[in-house]
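Peer 1: The chain contents come next:
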Amino acid sequence: MNEPITPTQNSDRSSPPDLHADVVASLEPDQLVAAKARSFPRRNLAASEVFLLFSLRIYLLFMIAIVIYQIWVNIR
Amino acid sequence: MGQEGVKFLDGSPVMSALTGDTIAPGESLASVTPAITHEDVARARDRDRVLAARRKGGPLSKLRLLWLLLGPGILVMLGENDGSSMLSYAATGARFGIGFFLPFIVLTFVMATIVQEMTVRLGAVTHRGHAELIFARFGPFWGWFSMVDLAIGNFLTLITEFIAIRAGLGFLGVKPWVAVSCSVMLLYFAILTRRYWTWERITLAIAAFNLVFVPLAFMSKPDWASIGRSFVFWKPLSGGANETLLMILSTIGATVTPWMLFFQQSATADKGLTRSDIKFGRIDTLLGATLAAAAALGVVVVTAPLFARHMAPANFQAAEFAQALQPVIGRFGSILFSLGMVEAGLVAAITISASSAYAFGEVAGKPHSLNLTLREGRAFYSVLFLCVALAAATALIPGLPLVYVVMTVNVVAVLAMPPALAFLFLLANDKEIMGDLVSPRWANLLTAAVVVLLTSAGVLFGVSVIAPKVFVALAGHL
Chain A
0 MNEPITPTQN SDRSSPPDLH ADVVASLEPD QLVAAKARSF PRRNLAASEV FLLFSLRIYL
60 LFMIAIVIYQ IWVNIR
Chain B
0 MGQEGVKFLD GSPVMSALTG DTIAPGESLA SVTPAITHED VARARDRDRV LAARRKGGPL
60 SKLRLLWLLL GPGILVMLGE NDGSSMLSYA ATGARFGIGF FLPFIVLTFV MATIVQEMTV
120 RLGAVTHRGH AELIFARFGP FWGWFSMVDL AIGNFLTLIT EFIAIRAGLG FLGVKPWVAV
180 SCSVMLLYFA ILTRRYWTWE RITLAIAAFN LVFVPLAFMS KPDWASIGRS FVFWKPLSGG
240 ANETLLMILS TIGATVTPWM LFFQQSATAD KGLTRSDIKF GRIDTLLGAT LAAAAALGVV
300 VVTAPLFARH MAPANFQAAE FAQALQPVIG RFGSILFSLG MVEAGLVAAI TISASSAYAF
360 GEVAGKPHSL NLTLREGRAF YSVLFLCVAL AAATALIPGL PLVYVVMTVN VVAVLAMPPA
420 LAFLFLLAND KEIMGDLVSP RWANLLTAAV VVLLTSAGVL FGVSVIAPKV FVALAGHL
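Chains A and B, in that order, give the protein sequences. Residue 42 in numbering that gives the first Met the number 0 is what sits at position 43 of the first sequence, and the numbering runs on without skipping anything. Residue 199 in numbering that gives the first Met the number 0 is what sits at position 200 of the second sequence, and the numbering runs on without skipping anything.
Treat the hints as calculated values from the structure; they're not laboratory data. Certain hints may be false.
What the hints assert, rightly or not - Computed footprint of chain B on chain A; a stretch qualifies when at least three of its residues, placed anywhere within it, have a C-beta under 8 Å from a C-beta of chain B:
1. 21-28
2. 32-43
3. 46-55
4. 58-70
Please read all numbers here as calculations on a predicted model, not as lab measurements. Virtual Cβ for every residue (Gly too), placed ideally from N, Cα, C.
Kindly generate the complete structure, drawing on both the sequences and the hints.
Peer 2: Next comes the structure, spelled out in structure tokens:
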């Protein structure tokens, strides 16, 4: 787990209350670990995009089969 | 402290992007934001220096900004100049000379720059890694496909890195288990700093040795006129179609591979780059591509004399190349060549294992940063340690057909690239997450051209394996 820093923990940068404000000021809001816990929403893929992804997936599987075939031929 | 990212509207309360809570003017952000972590503090320290340099202005501070912001681009490009890539370039130079491959290698680095620039934008705008975005935006069905591609590709490539390290140090008489153990220890040492900045600088320092291939090219006393001619007149290749296509695919695979997309985007997010740093991220990528291309060209040039002497590189490892090159570049040059191979394997092992760990953490929802303490990042570091240890152990298996493994890994990397590029293309054009920083039309056209080129090369390779007579018949008609 990414453990939160509590006000009782010391830091070599500044005192704990300042540390909190400093960190928030230095980073963009969505750069903080807590903000990153929120996921982006899922997007709807268009039919053409699904077709593209499936085509390339089939291409990859077919080509991997060819590579395996070539290895098999070379071993023989 | 800068106020980057904290935006108050005049006189009215604003919503915190972090919590959704309403913040009144004058109210402390700390009172409404959730607790920060060590990872946040470490990243904020790095950002402080960037913000301070940006506030100063002037040419010197621009240079300081560049120094602070470069890293992921150079690391990914020099990381991809890995053991298997360098062996592939060496085999290319020794088998085909410089005629075709010098310009071709430059072209592959242009492709790599086009592709990697998109990961800089994605990382800087979303602050998320590549695997995380694929899972979030396309769902687990497509997410797992890309993860399986990455995991298999990364593991196989990691094995080849330790093969290169073992072979390179073998030339100096170091026993395989000593060579592999020492490199694993060095890799663990870089990680155990538990600080992204320190890890990045240590890795950059090691990666600088990749440029040793440039002076080695000079030491081989090349024919500069014929090098110049190779760029003006692109000679066709001799040799069988299958072998030639295998070499071409292997050369492309030595420059553009899926792990690079995952690594650079995750590293960009981990380093804390923001929208205002994208320009420097692009310079970083271009600089990395230029340095890596120079080193890659250096390897081809230095091994080209083996082509002139009709030496067969089919079963050469790093040590054999170093041995064969001794009459050309001397004993000292050969030692440098083998050490260059060791560096190539080591930097790639560091960056590739990091890309695996980032992707795992992003998908499993575990903390994933090189700024984590060992306790916080138990899962992240465990994956990193484990995949390195397994790959290192596999590379020690005696009797592995090393060069064949290396070539196959590069070819598989090229074949896996078009599906990976499709995800990248869709993400970089996703207005909901990228806003006004979606890819411009010219970048989309170039990316589409890269996909078509990679897919065509793969299909031609497939035809050459299944129906080699097609190429013989074609050659007869020409």
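Peer 1: All the hints need checking, so say for each whether the structure fits it.
Peer 2: Comparing the hints with the structure gives:
1. With 8 residues bearing a CB less than 8 Å from a CB of chain B, the region 21-28 of chain A meets the requirement of three and the coverage assertion stands.
2. Residue count for the region 32-43 of chain A with a Cβ under 8 Å from a Cβ of chain B: 9. That meets the three needed, and the coverage hint holds.
3. A stretch counts as covered by a chain when three or more of its residues have a beta carbon under 8 Å from one of that chain; for the region 46-55 of chain A and chain B the count is 4, and the coverage holds.
4. Coverage of the region 58-70 of chain A by chain B holds in this model, with 10 residues showing a Cβ closer than 8 Å to a Cβ of that chain against a need of three.
This entry satisfies every hint, going by the numbered hints stated previously.
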